[in-house]
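Novice: Heads up: the sequence lines are chains S and L, in that order.
So for the first sequence, this note's numbering puts the first residue at 8; every next one is plus one.
So for the second sequence, this note's numbering puts the first residue at 8; every next one is plus one.
Some hints could be false.
Heads up, the list lumps identical chains together, so a pair's fine if it works in one copy or across two of them.
As the list claims (entries may be wrong) - With a straight-line cut-off of 20 Å between C-alpha atoms, the simulated DMTMM-like cross-links for lysine to aspartate or glutamate are:
id, residue 1, residue 2
1, Lys-305, Asp-293
2, Lys-168, Glu-112
3, Lys-164, Glu-195
4, Lys-168, Glu-337
5, Lys-136, Glu-58
6, Lys-168, Glu-195
7, Lys-151, Glu-195
8, Lys-302, Glu-112
9, Lys-197, Glu-112
10, Lys-164, Glu-112
11, Lys-239, Glu-150
These aren't lab readings, by the way, just hints derived from the structure by calculation.
2 protein chains.
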Amino acid sequence: MLKRISLYLLITLILAFLISETPTYSNAEQPFRLAIHGGAGVILRENLSAEDEKAYHEKLSEALQAGHQVLKNGGKSLDAVETAIKILEDSPLFNAGKGAVFTSEGTIELDAAIMDGASLAAGSVAGTKHIKNPISLARMVMEKSPHVMMVGNGAEKFAQKQGMTLVDQKYFFTKRRFEQLQKEKAKESKKTSFLKTQLHDENKFGTVGAVALDKIGNLAAGTSTGGTTNKKFGRVGDAPIIGAGTYANNQTCAVSATGHGEYFIRAVVAYDISALMQYQKLSLKDASDKVVMDKLVKFGGAGGVICIDKDGNIAMPFNTPGMYRGSIDENGKITTSIFR
Amino acid sequence: MLKRISLYLLITLILAFLISETPTYSNAEQPFRLAIHGGAGVILRENLSAEDEKAYHEKLSEALQAGHQVLKNGGKSLDAVETAIKILEDSPLFNAGKGAVFTSEGTIELDAAIMDGASLAAGSVAGTKHIKNPISLARMVMEKSPHVMMVGNGAEKFAQKQGMTLVDQKYFFTKRRFEQLQKEKAKESKKTSFLKTQLHDENKFGTVGAVALDKIGNLAAGTSTGGTTNKKFGRVGDAPIIGAGTYANNQTCAVSATGHGEYFIRAVVAYDISALMQYQKLSLKDASDKVVMDKLVKFGGAGGVICIDKDGNIAMPFNTPGMYRGSIDENGKITTSIFR
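The whole structure should be built from the sequences, with the hints applied where relevant.
Specialist: Following this line, the structure appears as structure tokens:
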């Protein structure tokens, strides 16, 4: 009798092993991982002092460690994404939250989005001027309203109604970004056409973002940005556009993009990576390479993405000289990079 | 000698016939077609008087004929889309331009987007309050700026800079929409939670849109909307989101959507139809049915789309009781419908 039960068990185990599509993990091995970026662009080693380079690596590590703690403690991928992005928003090093670039009117206008791969719930805000952490407001839109996207004053009224304290524009001010605006304005006065404005240098775009896989297998993605230096006319880029700069779906992957937003919107970058995985059965690496290193390059769209799939694979392709980026695995192993 | 040339010609013709993937047309047969919608929702025959029904059919026909004239005269699909949508925007019958629904603050806030399938150029505006024809401003953003999306006051400043005359909010006022707002507000006062607000009745959403294929084979799509009655906090729906409510790509199709925008954004509806055609080689009909009648239904997203492919096939699936819709072919043959 015991022999027969053992035989059944053995057969069951062998079958389970054979039909499992993905590697199985014991609790200790279940991957929970986080990847972040701090923007892609013309980031050249010769323009970055050793001191600055160190500061970027340190801040990326700090954000990764904070997100990792959330995941390690059994927190949601959404929480890890929000936690990591808040640290990048609060740092003057990146173009999001404090340290964001100036609009042509000398104001700061911030956009952000977050998406839950489990439910496909999403929240997004654009053109906010007094929100310290736009990623947290995007999450509130997702969780505390029936809407996905809110813009301008309306989004801030919602924030107040939810008890969020607004901050003065002065909070976001950094001397470095103010000087960048003056430079752009000086360059602009020599230009003849608004239509032909180019956005190809590092000063002009930048974003922060995070993607995560938690212990129970849920994916999440988030992105936050100040947009482009000297931006005009209420311009909105790809960061707050679900499917363009931000997308997450447990069936495929979570993606956060950074780059020339206009191209990323028109190429529906984040969802395209997901669609290639779902419909053409490409791997995360092949799908993200196809979109960033092939389709976007032919299209003329400079930038990169970070993405993670349901098995914890991470890909971070970019077609610019540099992208501030990093990842952390379930063992707490951190990698951060800036250049190729 | 003449015999040999004839033989070559014959062989060439047979080969050309055999390798042509799509039917070939003489100039007279080259299809140029246009489809439009005036919104999907709970449109019930018992709630629509014979007089109103007639008015809808007549206005849809007028828009189709105007767009058809553009195409017939060799105009671009973009021009046909803009022309048809302007007529729907100018009519008080539809929730776009004049006759748009009111926000909770008693204002009118309009969104629109347009996309060129040939170049993947796109333009989009959201939260405009003084633009008579938002579809034309979206086109200006596409053609006269380096950006894709502009929101709020910024978009209006751009309009003025381009020489567009702004109109007073009074222009958009209709008694019918004002009464709808009062009804919504009365209902709202009985509700307990903003989060649980439902948007399932016809009064609450509506959109207009057009898709076209022109004589030289270029596709275009456009969408324009007032959003949802009693909308709050700068809410933006799917209409101005490239990939969600509006998308066009000569390789696949042009799509304009109408429905519960939050679901359409999260499902990246318009681009998903294109991706299914490109990556899974589905026909336009199968791809749009899959997204609207299967994926969106399971997801809980009420609404529909109109779409056209590069061969001039048109599909108009909707999962609601009704959708104001119509199409016109190269011979000027018009079909308009409201119910199933």
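Novice: Next step is simple, just say for each hint if it's right about the structure.
Specialist: Hints and how they fare:
no.	hint	verdict
1	Lys-305 with Asp-293	within (17 Å within a copy, 29 Å between copies)
2	Lys-168 with Glu-112	between (28 Å within a copy, 15 Å between copies)
3	Lys-164 with Glu-195	between (34 Å within a copy, 18 Å between copies)
4	Lys-168 with Glu-337	neither (38 Å within a copy, 53 Å between copies)
5	Lys-136 with Glu-58	neither (31 Å within a copy, 48 Å between copies)
6	Lys-168 with Glu-195	between (40 Å within a copy, 17 Å between copies)
7	Lys-151 with Glu-195	between (42 Å within a copy, 16 Å between copies)
8	Lys-302 with Glu-112	neither (34 Å within a copy, 44 Å between copies)
9	Lys-197 with Glu-112	within (18 Å within a copy, 43 Å between copies)
10	Lys-164 with Glu-112	between (22 Å within a copy, 12 Å between copies)
11	Lys-239 with Glu-150	between (31 Å within a copy, 16 Å between copies)
Violated hints, listed in ascending order, are 4, 5, 8; each of the other numbered hints is respected by the structure.
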